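Q: If you read the protein sequences in the order shown, they are chains V and A. Heads up, the first sequence is in this note's numbering, so the first residue is 93 and it goes up one at a time. Heads up, the second sequence is in this note's numbering, so the first residue is 59 and it goes up one at a time.
Simulated from the structure, these hints should not be mistaken for lab results. If you're wondering where the values come from, they're calculated on a predicted model, not measured in any experiment. Keep in mind that the hints are not guaranteed to be accurate.
Ranges of calculated distance between the beta carbons of each label pair, as one might list FRET restraints [claimed, not checked]:
1) V:Arg96 with A:Phe199: 46 to 56 Å
2) A:Leu65 with V:Arg99: 29 to 39 Å
3) V:Thr128 with A:Val74: 34 to 44 Å
4) A:Leu323 with V:Gly193: 51 to 61 Å
Positions of the beta carbon are idealized from the N, C-alpha and C atoms, including for glycine.
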Amino acid sequence: MTARLIRWARKKSLWVLHFNSGGCNGCDIETLDLLTPRYDIERLGILKEPTPRHADVLLATGPVTRQSRDRLLRIYEQMPEPKRVVALGACACSGGIVADGYNVVGGIHQVLPVSLFLPGCPVRPEAIIDALVQLQELI
Amino acid sequence: MGILTALFQLFMFPGVLFLVVAALLASWLDRKMVALWQARVGPPWYQPFADLIKLLAKEDVMPAGGSTALGAALPIFSLACTLAASLYIPVFGQAVGSFPGDLVVVLFLLSLPSLGQFLAGWLNPSVYGVIGGNRSLLQYFAYEVPLLMGMIAPGVLSKSLTIDILTTVQHPWRWHLFMLPVGFAISLLGLIGKLKRVPFDIPNAKSEIGAGPLTDYSGRKLALWQLTVALQTLVGLHLLVDIYLGGLSPARAGWGVPVFALKTLMLLAVLSLVQVLFARLRIDQLSTIGWRLLVPLGLAQLLFSIWI
Chain V
93 MTARLIRWAR
103 KKSLWVLHFN
113 SGGCNGCDIE
123 TLDLLTPRYD
133 IERLGILKEP
143 TPRHADVLLA
153 TGPVTRQSRD
163 RLLRIYEQMP
173 EPKRVVALGA
183 CACSGGIVAD
193 GYNVVGGIHQ
203 VLPVSLFLPG
213 CPVRPEAIID
223 ALVQLQELI
Chain A
59 MGILTALFQL
69 FMFPGVLFLV
79 VAALLASWLD
89 RKMVALWQAR
99 VGPPWYQPFA
109 DLIKLLAKED
119 VMPAGGSTAL
129 GAALPIFSLA
139 CTLAASLYIP
149 VFGQAVGSFP
159 GDLVVVLFLL
169 SLPSLGQFLA
179 GWLNPSVYGV
189 IGGNRSLLQY
199 FAYEVPLLMG
209 MIAPGVLSKS
219 LTIDILTTVQ
229 HPWRWHLFML
239 PVGFAISLLG
249 LIGKLKRVPF
259 DIPNAKSEIG
269 AGPLTDYSGR
279 KLALWQLTVA
289 LQTLVGLHLL
299 VDIYLGGLSP
309 ARAGWGVPVF
319 ALKTLMLLAV
329 LSLVQVLFAR
339 LRIDQLSTIG
349 WRLLVPLGLA
359 QLLFSIWI
């Protein structure tokens with residue numbers, strides 16, 4: 093009973109932290125669309141949080157560069173359990189067009205365990221909402 | 059029988075359980091109204107409950123350098139102060155306890171969570187927390203004096219500092235709102251400052267300093283902080299309704315509950331509307347407003363209520 097209640101609460105209250113580890117800012121603008129009246133993710137109980145300590149989901153955009161690799165890891169480690177990672181956009185999924193760059197490590201999955209890959213360049217806001225709803229089903 | 063009644067009042071109605079559920083529902087209404095005014099859909103009614111349960115069940119990380127016993131005690135202390143203050147504030151005309159001069163004690167108890175947030179900010183190793191804590195202390199000095207003046211003015215006018223007496227003396231249409239409108243406005247502004255809501259959300263300015271004093275809190279402790287804020291909102295509104303809007307009056311017997319609830323909801327709607335309409339002020343602007351505008355007005359209102 094308690095476990096079911098907690099599971100329900102975790103499903104219905106995803107707090108999201110958004111971090112760009114070296115992308116072009118395109119996906120970041122699309123994630124900000126989620127807060128606008130047109131898409132409004134608060135109706136699904138999803139809030140954007142300013143600090144990793146409050147967050148349940150890490151929305152990671154952009155390829156992981158060598159410089160941001162440690163920061164990404166550190167932010168992930170600051171998040172309290174249970175936590176999930178969503179790789180947002182083509183670069184986050186695989187490294188994208190800059191995958192062969194001298195300063196690029198690759199996709200988010202080469203650094204962190206990723207629950208959901210969401211390709212697109214940039215990702216559409218509808219697709220992000222769909223991904224977050226699918227993430228709710230995963231919990 | 060007496061003990062059972064007292065326990066029921068303490069823990070069920072109008073005590074802890076009722077207040078927690080009502081405060082969470084009020085925070086949903088607040089979020090929903092803000093969303094509707096911004097042409098959004100807004101969260102479903104169970105959202106604050108889901109948030110609270112999720113946070114209670116989440117891992118509790120305390121960062122190195124911040125994991126003191128005080129850091130863990132502060133949210134509990136703040137919650138306890140808010141709940142203790144709520145015992146003396148009549149809800150639907152019923153308070154758990156009442157004694158001569160309880161208004162002063164309630165105002166003191168309600169001011170302690172702000173100090174708790176200041177200490178919480180300083181305990182954090184995070185810079186955002188330190189800045190947030192600093193700001194909440196500065197804000198505390200700016201809003202607390204006008205708030206006290208605004209809340210005491212009806213007491214001076216009606217020659218009592220007991221909330222119960224202050225509420226009943228207004229029956230049916232001798233509301234303090236009509237006699238001391240300036241005092242009501244000052245109290246409302248002070249309450250917004252105490253609750254750290256827009257336009258006085260300087261200590262936890264999301265786009266500048268993370269979550270302010272609560273930046274490094276997670277899990278259960280964050281849940282307690284959020285519950286404290288929700289309870290503070292409801293308890294503060296109840297206090298305003300009791301002191302300025304006449305509590306249950308002008309209702310006849312049996313109609314007190316909807317009238318009281320309606321008044322509380324109206325005040326909550328005012329707070330939400332202010333949240334939508336205004337942007338955040340800077341801390342120096344708040345200090346200026348507090349000391350150069352609200353304090354003289356509050357003094358004038360006090361003198362007026364002494365002479366009248």
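Q: Hint by hint, say whether it matches the structure.
A: Hint by hint, here is what the structure shows:
1. Between arginine 96 (chain V) and phenylalanine 199 (chain A) the beta carbons are some 47 Å apart, a value that agrees with the proposed interval 46 to 56 Å.
2. In this structure, leucine 65 (chain A) and arginine 99 (chain V) meet the distance hint of 29 to 39 Å, their C-beta atoms being roughly 33 Å apart.
3. For threonine 128 (chain V) paired with valine 74 (chain A), a C-beta distance near 39 Å keeps the hint of 34 to 44 Å intact.
4. At roughly 57 Å, the beta carbons of leucine 323 (chain A) and glycine 193 (chain V) sit within the given window of 51 to 61 Å.
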